[in-house]
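There are 2 protein chains.
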Amino acid sequence: MGLVCPIPLTDYDKILMAHGGGGTLSHQLIQKMFFSHFNNELLKTEHDGAGFSFGNQRIAFTTDSYVVRPIFFPGGDIGELAVYGTVNDLAVCGAEPLYISVGFIIEEGFSMDELWKIVQSMKAAADRASVKIVTGDTKVVDRGKGDKIYVNTSGVGIIPQGVEISNSRIKPGDKIIISGKIAEHGIAILSAREEFEFETSVKSDTAPLNHLIKKVLEKYPDIHMMRDPTRGGVSSVLNEIAKKSNLGISIRETEIPIAQDIKAICEILGLDPLYIANEGKVIMLLPSEQADSVLQILKSDPLGEHAAIIGEVVEEHHGRVVMETTIGSNRIVDMLSGEQLPRIC
Amino acid sequence: MGLVCPIPLTDYDKILMAHGGGGTLSHQLIQKMFFSHFNNELLKTEHDGAGFSFGNQRIAFTTDSYVVRPIFFPGGDIGELAVYGTVNDLAVCGAEPLYISVGFIIEEGFSMDELWKIVQSMKAAADRASVKIVTGDTKVVDRGKGDKIYVNTSGVGIIPQGVEISNSRIKPGDKIIISGKIAEHGIAILSAREEFEFETSVKSDTAPLNHLIKKVLEKYPDIHMMRDPTRGGVSSVLNEIAKKSNLGISIRETEIPIAQDIKAICEILGLDPLYIANEGKVIMLLPSEQADSVLQILKSDPLGEHAAIIGEVVEEHHGRVVMETTIGSNRIVDMLSGEQLPRIC
Chain A
79 MGLVCPIPLT DYDKILMAHG GGGTLSHQLI QKMFFSHFNN ELLKTEHDGA
129 GFSFGNQRIA FTTDSYVVRP IFFPGGDIGE LAVYGTVNDL AVCGAEPLYI
179 SVGFIIEEGF SMDELWKIVQ SMKAAADRAS VKIVTGDTKV VDRGKGDKIY
229 VNTSGVGIIP QGVEISNSRI KPGDKIIISG KIAEHGIAIL SAREEFEFET
279 SVKSDTAPLN HLIKKVLEKY PDIHMMRDPT RGGVSSVLNE IAKKSNLGIS
329 IRETEIPIAQ DIKAICEILG LDPLYIANEG KVIMLLPSEQ ADSVLQILKS
379 DPLGEHAAII GEVVEEHHGR VVMETTIGSN RIVDMLSGEQ LPRIC
Chain B
79 MGLVCPIPLT DYDKILMAHG GGGTLSHQLI QKMFFSHFNN ELLKTEHDGA
129 GFSFGNQRIA FTTDSYVVRP IFFPGGDIGE LAVYGTVNDL AVCGAEPLYI
179 SVGFIIEEGF SMDELWKIVQ SMKAAADRAS VKIVTGDTKV VDRGKGDKIY
229 VNTSGVGIIP QGVEISNSRI KPGDKIIISG KIAEHGIAIL SAREEFEFET
279 SVKSDTAPLN HLIKKVLEKY PDIHMMRDPT RGGVSSVLNE IAKKSNLGIS
329 IRETEIPIAQ DIKAICEILG LDPLYIANEG KVIMLLPSEQ ADSVLQILKS
379 DPLGEHAAII GEVVEEHHGR VVMETTIGSN RIVDMLSGEQ LPRIC
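Chains as they are written, first to last, in the numbering used here: chain A, 79 to 423; chain B, 79 to 423.
Worth flagging that the hints you see were computed from the coordinates, not collected in a lab.
Since the structure is predicted, the reported quantities are computational estimates derived from the model, not experimental observations.
Keep in mind that the hints are not guaranteed to be accurate.
One copy or two, either will do: identical chains are not told apart, so a pair holds if it fits within one copy or between any two.
Said to hold, decoys possible - List of simulated lysine-lysine pairs, DSS-like, C-alpha gap at most 25 Å:
hint, residue 1, residue 2
1, Lys-92, Lys-201
2, Lys-223, Lys-92
3, Lys-322, Lys-249
4, Lys-195, Lys-321
5, Lys-377, Lys-201
6, Lys-249, Lys-341
7, Lys-210, Lys-322
8, Lys-249, Lys-292
9, Lys-195, Lys-92
Put together the whole structure using the sequences plus the hints.
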């Protein structure tokens, strides 16, 4: 077709694990190849899903594939992760998730009994999130051409009147809330990997956030922006928001909720918890004067009991995230440059 | 959870290739495990997609994963196949496809240049089908845990007023039309496989059917049922329709359009073209008195020029498909029992 590949082949002529890690290489691939070529206004919003109107209804539509390893991990499994992941992507678009599709890619020889466990887990997850699994597809690939099972879920939901979640609404002065303790999913996955196995009681935080978010939006529909900090963690989400809005984001390390054992594991392994995946947390950016009331709503729910205001949007630091550390100095929190841990979700 | 796996583990304790082949084992898995457990009214319609209402709009929603091997084949590639496949699943639900999601699962080490070819092909396919690719996801799996690239597409579309495509509307006397020559996709894939490679000019029929179907529905919205005969071929689709409606289906071998070279290849390889996948054909069941006019509309379009009336719905043969052969005898056309050719789509 005469077009030149937008990723210079001299830099990367092959796909690396980091192209799927949620950091800089992922973003380059998505921005330079997918967004620029599939180019349309809906994609350009660069949210966790697309929003459009059918008649007088505003719809959100989202997709995610799950390749997490191992498929059963402390606190969850690939089935419930796939349901909650898509539910949460719809919820952070401001939508009430309603219908979910499921696409299985199963490796020949996969245990029927484990498939059945995953199916039961997906049904329980769908019930808990009040969504219906309404359509699906099953493909089987030859032994050695997959890894037990991969699951794609896509979902649709309705965005209520008065709700508009968008990077373009963020203003200097907006407060930044996170709904709970960070880095639990990533560390739970790490603890279950054969190459890293260590003794810990850490569990994935995988959970559906739609009911929690609905409670907030019913009273405070004016939330400006929401994201769930999955792959790439809190730092990637905040960096994306800062870059997109061209405003600065200032956070305080002392305010970021994190469990002591997670903090200790991160220190031992030399990992930064800001880059580690969460699967049951939401980051909200909202008008300053609503922050305390929204925080109270979050804290009154078990999924939000450790919610905290971690910082605010500022005029300075255009496009950057700056953190005041525990010792009082400031450091720039960059986007993840490669990937810390592959196949986290 | 106390529930027993609905596929007796003494029969199949592991997933076989045939569980994804579109035949009897696929159906058992889908019916006994997925439908019975995810149980809801929308799933029960067992169409290529789910239909539901948002306000006064009727929506169709569908998903498919593509694991075709090789990823570039005569007449197409995995990218355009993934776009057209989901476009066609929406179109046979009677919907106008509008928005498509894309989920890539890429094997580490996959060629960036081939990814770029696939992305360009998807964009061209989306343009041809007048749909927009609005949201996506990219995962990378370790070398040896995938096969170059797998693509999931999901899609949403709007079902126009007055259109209702459903097994429940089929009546004895309904005519059965197919929009063109059969078995081209499957034979094209076969010809490109290293283990079978043979000299032929056969090309996949992969094409978007939504514009063709729209032409028909605009004049004849009363089409009772439509399906695209992909995995498992014409026989699987007709068997599913017969079983679901509990009516008989009678077809005539002499009326089924098939190219001479495809017929010859099938004879040499001992394959039955009725079981071979198509990716650009639609089967319509419609009131007898409209059949000739609809046939003319189809024939006036390049994608339908070889359309033919191949049979009708009958009172006898409850739940079965019976074919009058070229030599005048009748034979039962069963559902595919295993799988003829894995990873066709």
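Identical-chain pair category, Lys-377 with Lys-201, by Cα at 25 Å: neither (28 Å within a copy, 45 Å between copies)
Homo-oligomer pair classification [Lys-201, Lys-92; C-alpha up to 25 Å]: between (38 Å within a copy, 21 Å between copies)
Lys-195 and Lys-92: within-copy, between-copy, both or neither at 25 Å Cα: between (36 Å within a copy, 13 Å between copies)
Same-copy or cross-copy closeness of Lys-249 to Lys-341 [CA-CA at most 25 Å]: neither (32 Å within a copy, 67 Å between copies)
Identical-chain pair category, Lys-195 with Lys-321, by Cα at 25 Å: For Lys-195 and Lys-321, the Cα distance exceeds 25 Å both inside one copy (41 Å) and across copies (29 Å).
Intra/inter-copy verdict for Lys-322 and Lys-249 if alpha-carbon distance must be at most 25 Å: Classified as within; 12 Å inside a copy, 56 Å across copies.
Homomeric proximity label, Lys-223 with Lys-92: Cα distance no greater than 25 Å: both (18 Å within a copy, 16 Å between copies)
Identical-chain pair category, Lys-210 with Lys-322, by Cα at 25 Å: between (33 Å within a copy, 22 Å between copies)
25 Å Cα threshold - placement of Lys-292 relative to Lys-249: within (23 Å within a copy, 46 Å between copies)
Consistency note: the structure conflicts with the earlier hints numbered 4, 5 and 6.
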